[in-house]
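Chains A and B, in that order, give the protein sequences.
The first sequence runs 1 to 124 under full-length UniProt numbering.
The second sequence runs 1 to 124 under full-length UniProt numbering.
One should not assume that every hint holds.
What the hints assert, rightly or not - These stretches of chain A come out as covered by chain B in the derived footprint (C-beta under 8 Å, 3 or more residues):
1. 36-44
2. 72-79
3. 96-106
Keep in mind that the hints were calculated from the coordinates and are not lab data.
Glycine included, each C-beta is placed from N, C-alpha and C at the ideal position.
2 protein chains.
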Amino acid sequence: MAFDFQGIATQFVTHYYTTFDSDRKGLAGLYRENSMLTFESSQSLGAANIAEKLVGLPFQKVQHQHDTVDAQPTATGGIVILVTGKLVVDDSPNPLTFSQAFQLCQDPQGQWFVFNDIFKLIYG
Amino acid sequence: MAFDFQGIATQFVTHYYTTFDSDRKGLAGLYRENSMLTFESSQSLGAANIAEKLVGLPFQKVQHQHDTVDAQPTATGGIVILVTGKLVVDDSPNPLTFSQAFQLCQDPQGQWFVFNDIFKLIYG
């Protein structure tokens with residue numbers, strides 16, 4: 001547990017939602033060929049398909065607020081993250097509650113990328 | 001993606017919450033020496049500490065209901081799971097909403113155990 005997994009996780013999460021809310025197609029760079037996304041139980045495999053899925057979501061504007069970010073190191077040098085938060089789409093007055101789990105891995109150049117990504121809206 | 005990660009995840013989650021709700025100390029067997037639990041941002045390391053934490057939670061009765069279970073295989077033969085659901089403690093009339101992320105790994109005998117476990121209550 002020597003490396004600063006919580007710091008890396010917090011930095012990643014901030015970057016992820018800032019990119020999501022300002023330039024969704026920029027998210028492609030955070031995934032790799034064998035990355036997986038499960039978005040509301042719909043599955044996408046690989047950076048290109050994942051970016052297509054995220055860019056194609058049926059809203060123009062979105063704003064994420066992450067309330068909690070908890071991280072743990074994995075047995076193989078990755079980081080598992082659980083985020084809870086709220087998001088607002090377009091001009092809806094009602095924020096939606098979400099939960100999202102990531103596993104980050106490092107590529108041979110030492111850059112962190114998303115290997116696993118599971119997103120879920122939570123209904124009261 | 002050849003193995004039935006979704007089936008294993010669903011079976012694990014059912015077993016986990018059934019054990020949690022009926023015999024909390026039985027959860028110890030699902031963790032190993034280097035397993036991690038982050039429970040409402042409080043961290044425990046290792047099966048013994050994790051079981052102590054879970055057994056010591058300040059309620060007598062608890063009932064979990066898992067509403068969604070989404071799973072993905074990891075790059076190293078594990079399974080990442082995101083659960084969302086509700087729980088009722090003691091005789092409270094108000095269910096609490098929770099979200100929980102697991103990473104399951106296999107031991108040399110092929111038995112699945114929890115390596116990463118992050119639990120979070122979600123407040124509307």
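Next item on the list: Determine which of the earlier numbered hints do not hold for this structure and return their numbers in increasing order.
Entry: Failing hints: none at all.
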